[in-house]
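S.K.: So the protein sequences, as listed, match chains V and U. Using my numbering, read the first sequence as starting at 1 and increasing by one per residue. Using my numbering, read the second sequence as starting at 1 and increasing by one per residue.
The set of hints was computed from the structure by calculation and includes no laboratory data. Treat the hints with care, as some may be off.
As the list claims (entries may be wrong) - Estimated spans, in silico, between C-beta atoms of each pair:
#	chain 1	residue 1	chain 2	residue 2	range
1	U	153	V	310	44 to 52 Å
2	U	80	V	383	53 to 61 Å
3	V	383	U	182	36 to 44 Å
4	V	230	U	374	29 to 37 Å
5	U	215	V	428	49 to 57 Å
6	V	428	U	63	51 to 59 Å
7	U	344	V	154	24 to 32 Å
What the hints assert, rightly or not - Derived coverage of chain V by chain U (criterion: at least 3 residues anywhere in the stretch with Cβ under 8 Å from a Cβ of chain U; other residues may be distant):
#	region
8	159-171
9	264-270
For clarity, every value in this text was computed on a predicted model and none was experimentally measured. Note that the Cβ used here is the ideal one computed from N, Cα and C, for glycine as well.
2 protein chains.
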Amino acid sequence: MVDIATRVHDHQWKIDPIVRSLIDTDFYKLLMCQSVFTHRRDTQVTFSLINRTHRIRLADLIDEGELREQLDHIRTLRLTRGESTWLRGNMFYGKRAMFRPDFMEWFEGLQLPAYQLEKRDGQYELTFEGSWPEVMLWEIPALSVLMELRSRAVLSQMGKFELQVLYARAMTKLWEKVERLRPTPNLRIADFGTRRRHSFLWQDWCVQAMQEGLGDAFVGTSNCHIAMRRDIEAIGTNAHELPMVYAALAEDDNALARAPYDVLSDWHAEHDGNLRIILPDTYGTEGFLKNAPDWLAGWTGIRIDSGDPATGAETAIRWWQERGEDPTKKLVIFSDGLDEEKILQLHAQFAHRTRVSFGWGTLLTNDFRGLVPGDALAPFSLVCKAISANGRPTVKLSDNPEKAMGPPDQIDRYKRVFGVGEQQPVAVVV
Amino acid sequence: MVDIATRVHDHQWKIDPIVRSLIDTDFYKLLMCQSVFTHRRDTQVTFSLINRTHRIRLADLIDEGELREQLDHIRTLRLTRGESTWLRGNMFYGKRAMFRPDFMEWFEGLQLPAYQLEKRDGQYELTFEGSWPEVMLWEIPALSVLMELRSRAVLSQMGKFELQVLYARAMTKLWEKVERLRPTPNLRIADFGTRRRHSFLWQDWCVQAMQEGLGDAFVGTSNCHIAMRRDIEAIGTNAHELPMVYAALAEDDNALARAPYDVLSDWHAEHDGNLRIILPDTYGTEGFLKNAPDWLAGWTGIRIDSGDPATGAETAIRWWQERGEDPTKKLVIFSDGLDEEKILQLHAQFAHRTRVSFGWGTLLTNDFRGLVPGDALAPFSLVCKAISANGRPTVKLSDNPEKAMGPPDQIDRYKRVFGVGEQQPVAVVV
Chain V
1 MVDIATRVHD
11 HQWKIDPIVR
21 SLIDTDFYKL
31 LMCQSVFTHR
41 RDTQVTFSLI
51 NRTHRIRLAD
61 LIDEGELREQ
71 LDHIRTLRLT
81 RGESTWLRGN
91 MFYGKRAMFR
101 PDFMEWFEGL
111 QLPAYQLEKR
121 DGQYELTFEG
131 SWPEVMLWEI
141 PALSVLMELR
151 SRAVLSQMGK
161 FELQVLYARA
171 MTKLWEKVER
181 LRPTPNLRIA
191 DFGTRRRHSF
201 LWQDWCVQAM
211 QEGLGDAFVG
221 TSNCHIAMRR
231 DIEAIGTNAH
241 ELPMVYAALA
251 EDDNALARAP
261 YDVLSDWHAE
271 HDGNLRIILP
281 DTYGTEGFLK
291 NAPDWLAGWT
301 GIRIDSGDPA
311 TGAETAIRWW
321 QERGEDPTKK
331 LVIFSDGLDE
341 EKILQLHAQF
351 AHRTRVSFGW
361 GTLLTNDFRG
371 LVPGDALAPF
381 SLVCKAISAN
391 GRPTVKLSDN
401 PEKAMGPPDQ
411 IDRYKRVFGV
421 GEQQPVAVVV
Chain U
1 MVDIATRVHD
11 HQWKIDPIVR
21 SLIDTDFYKL
31 LMCQSVFTHR
41 RDTQVTFSLI
51 NRTHRIRLAD
61 LIDEGELREQ
71 LDHIRTLRLT
81 RGESTWLRGN
91 MFYGKRAMFR
101 PDFMEWFEGL
111 QLPAYQLEKR
121 DGQYELTFEG
131 SWPEVMLWEI
141 PALSVLMELR
151 SRAVLSQMGK
161 FELQVLYARA
171 MTKLWEKVER
181 LRPTPNLRIA
191 DFGTRRRHSF
201 LWQDWCVQAM
211 QEGLGDAFVG
221 TSNCHIAMRR
231 DIEAIGTNAH
241 ELPMVYAALA
251 EDDNALARAP
261 YDVLSDWHAE
271 HDGNLRIILP
281 DTYGTEGFLK
291 NAPDWLAGWT
301 GIRIDSGDPA
311 TGAETAIRWW
321 QERGEDPTKK
331 LVIFSDGLDE
341 EKILQLHAQF
351 AHRTRVSFGW
361 GTLLTNDFRG
371 LVPGDALAPF
381 SLVCKAISAN
391 GRPTVKLSDN
401 PEKAMGPPDQ
411 IDRYKRVFGV
421 GEQQPVAVVV
């Protein structure tokens with residue numbers, strides 16, 4: 001039977017909102033936000049959308065009015081009582097009260113700040129300016145809104161059964177990946193696919209399919225909203241934005257060289273266990289590890305997020321050995337451009353030498369490659385980054401020059417300060 | 001939102017009924033039923049289930065209690081007022097009031113007669129005895145109940161997402177057939193898949209997918225219930241049971257030789273246009289056409305339902321030419337063991353020489369081949385046939401000796417009377 005009330009309610013919708021919760025975001029954003037709220041809450045930061053796939057002309061595909069409606073809707077969201085209760089009371093990484101009362105009070109009162117939106121050369125220039133803990137929470141919803149509006153633009157021309165078959169094919173595609181992964185023992189895979197998901201409902205489906213299909217090998221999702229609704233682990237630690245902003249704020253080259261360690265020093269004071277994960281590639285993994293203080297070698301693991309992942313893992317293992325640590329007790333988290341084939345390769349190569357875990361993103365929650373004419377639903381490389389802090393530009397080098405960002409003179413300065421030489425470019429797909 | 005009333009209602013179900021309407025059956029059954037009601041209503045006929053695929057041990061797969069519940073449920077069904085209105089008022093094959101008031105009054109009062117059910121050698125012996133117009137209406141619901149209980153038995157061990165992916169794969173498989181058929185102009189394809197469907201809901205999905213995917217090339221469904229609900233054409237003419245029972249009733253060899261033409265003589269008086277379709281293979285197509293009266297050559301078309309279909313079509317075309325008819329004005333309906341590949345082949349071979357149309361059955365509504373381990377959902381050859389009339393055994397020869405049925409001595413007699421010589425066996429898949 002038709003639920004008449006639901007139908008009537010649906011008719012009253014002005015829009016079909018993509019993001020319906022302030023915690024429809026990555027768990028590590030909230031961890032970082034609390035850290036920023038504690039240590040750097042007055043820093044003025046600008047986040048900006050960057051489409052690294054220029055051929056996808058988002059401003060031609062997506063109606064500006066629809067985009068504004070979605071972004072405006074996100075500004076109407078407030079943390080609900082249930083979400084607050086979950087964040088305050090749930091156990092994350094084995095710890096209760098992960099989020100402190102002062103942070104939760106601030107979060108309960110939060111409205112996301114205004115955005116600036118313009119069109120230029122077929123792309124949207126979308127920026128968010130304000131205090132760091134506020135604007136940083138725009139990154140994930142802004143990305144997922146743009147990704148899903150792009151999906152909707154492509155899907156809007158399709159018939160009802162054509163759509164059903166499209167999703168049938170996408171389901172089959174994901175399930176074949178699950179079936180390829182299933183026979184391998186001791187896999188640990190988490191969903192990291194919120195930001196570039198095909199759609200919210202699709203991510204939610206993928207997470208549940210992984211749960212049934214992989215069982216214990218599926219260790220959780222980065223998406224807090226889905227983690228809460230589906231009662232599964234919320235997963236995530238920290239990201240490049242911390243060292244990027246800390247570095248931009250550095251007063252001189254000495255302070256700049258110290259900035260990435262200052263970040264982790266603050267983190268060290270706040271977290272332990274599996275949350276002590278080094279993200280070493282912001283200004284080059286080699287130099288970062290060489291100059292790292294000894295207490296960092298005692299951390300639980302390293303996340304490999306750019307460059308050749310096997311090389312990154314070898315570097316980490318060698319570094320631990322040099323510092324007298326036992327790599328078999330350590331954790332290597334791979335999170336860059338993964339698909340099931342690469343997961344199996346890396347697992348086979350490293351699982352007997354260290355503990356490994358995978359943060360599977362875009363090709364988990366947005367693999368519609370080859371399913372529509374012109375591959376119009378293929379994922380692409382959209383990011384939303386902190387581009388300045390207190391008026392100074394941020395810089396990222398990473399282990400892949402294709403992922404570097406910042407003004408050229410500042411990139412040169414950072415390379416000099418961090419001793420980064422020649423780098424191997426790796427094509428950025430997603 | 002959950003529709004609470006629906007959930008409560010569902011909890012009250014004793015069973016999940018497979019057949020929920022007396023017109024969840026093939027249209028030609030109703031046409032034939034009216035003809036039988038008019039001409040031979042007191043004939044006592046026995047229908048019996050025959051599983052031609054012995055390796056599928058239905059009695060091991062399907063619980064007898066569940067089967068009885070489903071069959072008992074069918075005996076509770078009565079023609080509803082809406083169904084009666086539709087049968088009385090709808091236009092079928094361009095004609096209003098296809099079903100006469102006296103037949104409709106009888107049908108409105110009909111309850112399907114009792115059944116006999118026993119297990120033997122891992123198979124069910126399921127028979128229906130009674131007056132011909134009553135028992136003949138058991139054939140299609142009995143088959144679809146057995147087919148769907150077999151599907152349910154296989155599906156009952158699967159997880160929620162495993163099931164979703166199974167259906168995703170089946171949808172993809174059907175859609176790929178639709179996509180292969182779509183580019184060919186002037187195709188005419190109808191759904192003939194009720195009796196051996198995977199399930200009712202799946203047939204309903206297939207019909208709607210064909211409607212969207214093929215547009216005008218999809219000309220209708222044999223299933224009256226779906227035709228009514230989806231407002232599409234109900235399709236079908238007549239079947240082997242008419243000549244088989246007429247032949248069994250023949251008092252001597254002369255009457256036997258005449259019986260297949262007596263059937264069509266009765267039909268000629270009742271129907272015209274696209275309902276005048278010869279089904280020539282019951283006792284061999286060659287002999288049937290050679291001895292046919294000239295008025296039969298004036299009929300609209302021929303349905304090819306056994307033997308090599310191209311040979312059958314060539315035979316029909318040659319026969320029309322010999323009788324001075326223009327084959328390009330005639331209609332050849334292929335309905336035996338079709339899949340999209342064979343449809344395209346036959347269309348390419350004959351569409352420029354005659355009008356062609358396709359009745360696509362089992363591999364439209366039940367192609368789950370290769371989708372589960374051990375191919376446990378592959379379709380198989382289950383039929384329900386009139387095996388005796390007024391105490392005399394029925395016989396079918398067909399153009400494929402693999403499809404012949406009846407006592408050996410009677411088969412020999414029929415072969416002699418109808419002049420059937422050597423026949424080419426064709427493997428029966430479905």
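S.K.: Please list, smallest to largest, the hint numbers that this structure does not respect.
M.R.: Hints 5 and 9 not satisfied by this model.
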